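Participant: Construct the complete structure from the given sequences, taking the supplied hints into account.
Position 6 (the sequence shown) corresponds to 5 in numbering that gives the first Met the number 0; numbering is contiguous.
Worth flagging that the hints you see were computed from the coordinates, not collected in a lab. A quick note: this is a predicted structure, and the numbers were derived from the prediction, not measured. Warning: the hint list may mix true and false statements.
For lysine to any residue, the following SDA-like pairs were computed, each having C-alpha atoms within a straight-line distance of at most 20 Å [as the list claims (entries may be wrong)]: (1) Lys51 to Phe37; (2) Lys41 to Asn63; (3) Lys54 to Ile34; (4) Lys41 to Val94; (5) Lys61 to Thr21; (6) Lys81 to Pro92; (7) Lys54 to Thr27; (8) Lys41 to Ile98; (9) Lys51 to Lys81; (10) Lys35 to Val50; (11) Lys54 to Tyr31; (12) Lys75 to Asp99.
The following label-pair restraints were derived from C-beta to C-beta distances [said to hold, decoys possible]: (13) Ile9 to Phe37: 28 to 34 Å; (14) Val50 to Ile98: 19 to 25 Å; (15) Asp99 to Thr57: 33 to 39 Å.
Positions of the beta carbon are idealized from the N, C-alpha and C atoms, including for glycine.
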Amino acid sequence: MKKVEDNKPIMHVVGGQRVFPTMTNKLTEKEYMVIKAFAWSKLLGDRMLPVKWLKPSTKGTKVNFNMAKNQGEFDKDLTKFKDYITEVNELYPDVGITID
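Facilitator: Following this line, the structure appears as structure tokens:
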């Protein structure tokens with residue numbers, strides 16, 4: 000852990016787990032995939048890179064994540080996210096998810 004000049008430690012979150020309570024096992028595959036896209040977008044907006052999406056339960060879906068350490072890591076996961084959006088749109092053309 001790094002120290003600043005006044006001897007207070009600088010702490011960085013390197014990873015963790017988020018829970019998305021609306022992503023339950025009661026959803027259809029289509030509903031789940033669409034909500035997952037929005038959840039993934041939220042994670043990326045906070046520079047969190049999903050490592051593992053755990054199996055959904057009645058309480059939602061837990062997602063293990065790492066924080067992006069650099070732009071390269073972020074860009075690599077952004078490519079995975081864009082591929083996922085393409086997959087959702089191909090399976091469900093009526094959804095039509097777009098990203099900037």
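Participant: Check the structure against each numbered hint from earlier and tell me which ones fail, lowest number first.
Facilitator: none
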